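Peer 1: Next come the chains, spelled out residue by residue.
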Amino acid sequence: MQVMELKTTPEDLDSKIYKMFQLGARLVVITGNDLGNGKFEIIYHFSKGAEMTNIKIEIEENRQIESVTGLFPYADIMESELLDYFGIKVAGAKPNVFLEAGSGICTPLRKEKKPEEKPKATERPKVEDSPAKDLMSVVDKKLANKGIPKGGAD
Amino acid sequence: MATGTRISVVPLGAQHPVLPEPVALKLSLEEEKVVDVGITLGYCHRGIEKAAELNDFKQNVFLCGRVCGICSHHHTTTYVDVIETMMNIEAPERARLIRTIYSELERLHSHTLILGLIADAMGYENLFMQTWRDREIVMDLFELMSGNRVHYDVNQIGGVRRDIGYDMVKKIDKGMDALEGKFKILSKSYLNDPTFKKRTKAIGVLSKAEAHTYGVVGPTARGSDVPEDIRATGDSHYAAYNMLHFTPQVEEDGDIYSRVKVRVRECFQSIDLIRQTIGHMRDGPIAVRVQGKPNGEAVARVEAPRGELFYYAKGNNTNNLERVKIRTPSYVNIPALRYMIMGEEFAEVPVIIASIDPCLSCTDR
Amino acid sequence: MDWWVLLAIQIAIIVLAPFLAAILLGLDRIITARMQNRVGPPVLQVLYDFFKLIGKKPMLLNRPQVIFAVLYLMFVAFAFVLFVLGLDLIIIFFAAAAGSVFLAVGAFTVRSPYSHMGANRELLQIAAYEPVFLLALLLIGIQAGSFNVADLYAVGDLMILLPLVFVALIAVLVIKLQKSPYDVATAHQEIVSGPYIEYSGPYLAITKLGHWYEFALMLGVITLFFNSDNIVVSIIVKIALIAVAMLVVQVIDNVTARLTKERMLKFTATFGIIVIAANYAIIVVLQNVGVI
Amino acid sequence: MNAGLLALLLVFLPVLMGLLSLAARKISVQKAVVGIMAITMVLLSLALFWEMYSTGADVLSFDADEILIAGVGIPISLLIAALDFALMAYFIFIGVQYRNTVVIIFGLLQLIPLGILEAMEFGHTVSPSIVIDYLAVIMALVISIVGSIIIVYALKYMDEDQRQARFFAVMTIFLGAMNGAVFSNNLLWLFFFWEVTTLCCFLLIRHERTKEANESALRALIYTLGGGVAFAFAIVLIFTQMETLSLEEVLVSGGIAAWAIAPVALMALAAFTKAAQVPFQSWLLGAMIAPTPVSALLHSSTMVKLGVYLLIRISPAIAWETSLMWLVASVGAISFLGTAILAVMQTNAKRVLAYSTIGNLGLIIMCVGINTSFAISAAIVLLIFHAVSKALLFMTVGVVKHEAQTLDIEEMENLRCKLPFVAGAMLIGIFTIMLPPFGMFAGKWLIVEAASSGFPIVILLLAIGSAVTALYYAKWMGRIMTVGATCDLPAAVKSKLSKIYKITLGALVACAIALSLLIFQVVQYLVNPYILSVFGETPLSDFEAVLPLIVMLVLFGGVVLLTMKFVKIRPDMVSTSYMGGENFEYKLAGAYYDKRVPDAGVTYIFNFVATIVVVAMLMVALLTEVI
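Chains as they are written, first to last, in the numbering used here: chain A, 1 to 154; chain B, 1 to 365; chain C, 1 to 292; chain D, 1 to 627.
All clues given are correct.
Partial selection, computed: residues in chain D whose CB lies under 10 Å from chain B:
1. E410
2. Y578
3. G580
4. G581
5. E582
6. Y586
7. K587
8. L588
9. A589
10. A591
11. Y592
12. D594
13. K595
30 Å max Cα-Cα, derived BS3-like pairs, lysine-lysine:
14. D:K587 <-> C:K266
15. D:K595 <-> B:K197
16. A:K56 <-> A:K111
17. D:K587 <-> D:K418
18. D:K568 <-> C:K52
Everything labelled a hint here was simulated from the structure, so no lab data went into it.
Computed from a predicted model, the values in this text were never measured in an experiment.
Ideal placement from N, C-alpha and C gives every residue a C-beta, glycine not left out.
I would like the entire structure built from these sequences, with the hints used as guidance.
Peer 2: Have a look at this one:
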């Protein structure tokens, strides 16, 4: 398996990802990684045939990154995971897909959290239309996807 | 005045007879037609990624086996593969062949399981029972080979922990003959039964373009005419697929029936692959010594029964890993599920769910 | 026969019939299990369940739920009583139909999505099989020249003249027994037993008893198809008819997946009505030719 | 008291009272007048029945020739003829006012034959002019009792209305006209009262004076005036062929005249329009725009009932021609099945009821088509039960609209909790119209028995239709019974209900239950005398046949009451419904199947088929004459 590493900046991320989209690559997953000192690494793993491309960015805590669901609609669940497990803010990502709202567990994959930094359960972003944990409603996604050509290269 | 805007909102899950594992689907129904779907995950969240950071990297093999009960061998294989890649270890050929036998047996056991569940989801109890009875052959082989029916834990970094003896090989061969005979009869029910066809044809369709758009993997993708099979991409130094002859099974229609057909044919393919593998078995070591500590980053992919299984690991030159990321096949198939369900009847929803073979404990880790 | 002996026999039938039906259902479970390579439960498992349910603590969602469960039981039981007393088939039919409707209404009374869906499907089922059932009974009545069950038991040749009606009744029996392919109302993989979902303990037992009465009534209608002056022959053939019907239903159950409610409606209505109409046409032709 | 006088009083008292109430300026006075009239009507109709019963006669005939106004004797025939022309003129005026040519044409089409007829028959007297038989008595009882209860109910319902005076005047005149039509033996009188009901119907639908109301009223007017045209031509044909205007004489003539079938077919057509059978049903659906008491009146005791009354009345004439019987039965059966399917798709309670009315009238018309003594008995029993149950249902729906501001069945959830009395009354209304122990079943059972004497296609339509009927009523019943657990606990809050509502609903509930319990007596004392006089036999005189029904009724009541008494609910027994372990507010929408089979499509198909049948009916009538 050939693996390509590609480091880029958050500003340049969009164009890189769009290139992958144009190539017809498949977004395998988005990996989040706590580098400590309030820095996070986000890796977008792409696959096309036997080749893999990892696009890596590094961001500061609290920096919001753009969503890629416009190009890869199934990335919403991955972005929600970033939000749930790391507290990385992704535009439009719905919270509490993996962790129950109000359960007190939040950002479990962060490293060396100091107790006072731990955000309280009540501070977590609320779902707009609770009581239902209305997470990934298809309809709005469908609307968001309109105008984007379906399918990849072939 | 007839009204068309009356919507019922109905849960399917988290606990529902058709779901083997908890996932909550919130279905908006117009009469019984699904017009919107919401999915909630995380009921089986066990923090395995976090636990993998806390354990020794060698212990993690057993931890990763616990991510999923059905495809535990594939999880350990992928983990072992990612570490071996990171540490530049090559497992001996016999170990790779043994891994292949386990993988393909596991595929048989997973596919027969879900085929039975698909039959059950549409109320075809008889077929379900028959399928699961024949699955026992595979389970018995596992027990024979590893002493366990579900979690075999034969992998270790640098090879496998248990050898397969000559007697076992013969028994596996016999088991494959028995299974093939029985499965030939069963496959007629899956492929030709008129009521089964009525419940599966042109239902839950995911076209080729949509399969690309939603990034599905495994039999779900291959049912939609996407010939994606990690075994066939030459990316298989973890196992012996480059020594075997096979082509990915692909169906064009993208409906439930296609997915079923792909799985049925893959079962026969797996039987064939096991026979080929047995033919390649030569004496030799089953493991190499592992020295040093993992450092750097690596990714690994394996074709699990449900599709591409992906691991990412990052080491920091200690016994503990910095990060292990597990991306299971259901993780990308479940979001696509929403698009398959949209516009279908409520009655078809359980069958559609079963048809992608969702594994929630994998997905939630 | 003295009138009190007759009365005693009738009362015995009325009281014991549902339990005999339950045992038959137990047998059905064993045979199904054997067809599926399983051992299956004991014959009396259905009854064990029933008595266990009766002993449970009553839990309910609201009162009408109970009212309609009892109404369901009472009306199907009453229909069966009328049948045993040998009264008018049409009244029996309507009493039983009312029972089924009460079951659906009972399912509507609770605020539960599955229960409501089940009730809607149950009503659709009623709309599917009721015309067929009613037409079958009408044809039986017209052929025998009387709608009184007592008179029908004196007619010997129904099976010969109305074989297709018997076939239509088996189609109804498949639905009534909640068997594949038309067990849409109680589909547990979809709507978790539908109308029964919110019943528990003794109230579930009530609905079960009602179901047995319904089943017994269906079997009673099937026994109408053969009568002979020789009582032993009569009874043996009647039992054989029931066995044949049950086996056919079982085989159908085991070789089919559940179909959707639309298919159920289309198939039952068209197949049942066409089959009965064909039977009627054949009779008319035969009568005109002068064969009968 | 003299039965003839009673009959005249039943006709003219409401008319006079109506005019009086219009004259009275004060609303309280009006209400008193209307109230007194209602009670008097009930008493008068009961007295009429008693008079018939005590004399033991099947038919009582009277001549009402003159009426004394201010000491001057005026022949009633002349008066009615004059009023009739005035009426026609008014219709044409309406046509001009609304610029509707169809109304004008229909008005003229009635005016011309009427003019010819009046010219031809001038001096011709019909004797007897008033015939009171048991059918007329049954109708009078239904009209007077159910109609009066509805009017009393309207006193409360229309409390805040601006045009109350007019409203009550028209309502009461409506009752008078209905009674007049029922008692008339003179075809011209019958026609006059027939047209008065058309006018009253128009005025009542128009009551709100909105654009929609005007349109609906005009549509109703067009349809029923069209029927009136058919009626007018039928009368002309009858008079030219048989030289008589006495309905009695026509019916006993046995169709000896050369052109006998044509007028019967035309009268059946008139009855179809009046009874809103498919394909003429759209006016009755449009009539839903009127206030609920109007709907109740139109659907239960007046208007549509006049159509089926006429058909039952001329049923001996329908039997003259077998193919006519077939076609009439088919129209009824098609209406029954079509409206049942359409009703399944509706969420609006009033529309469901409207379709159910058409369906039930279809049943009655089917009975008339089958035309055995059995079937006609069934038809009359159905007519009685339907009037009571339908009035009850409409009135409960009206109360729900007032108290809960909704007509939507979907929103009637929790009704049992909010308005227990109304929910109970509604439930009994549905039971009585649908389920075995009660009236409708008796009718259905009779039809099944009767239909088994032939008419296989009718049986088929009936079998499917009755199953579908159960579907939509059960859905409704379930919806009003759907409540959360808190409702059965003592702390539940219930709202108060006006006394007038309670009394009127209670009276109808009592009527419905009493009729069901006394179904055998009803048949024996009301229906059988008429059947005996027409057919010379009474198929329903066997108490044993009805006994299981009464047992079922008792069973039903017993189960409900005992369960209410003995099933005690404690908070610890109450559980929540299965939600798959989730906990969110969910919505429950019913199943209407209207996505698969669109409403308009079904209407179109059934209209198409029914139109063919109606045209065939007229053609058959013509062809039998020509050949």
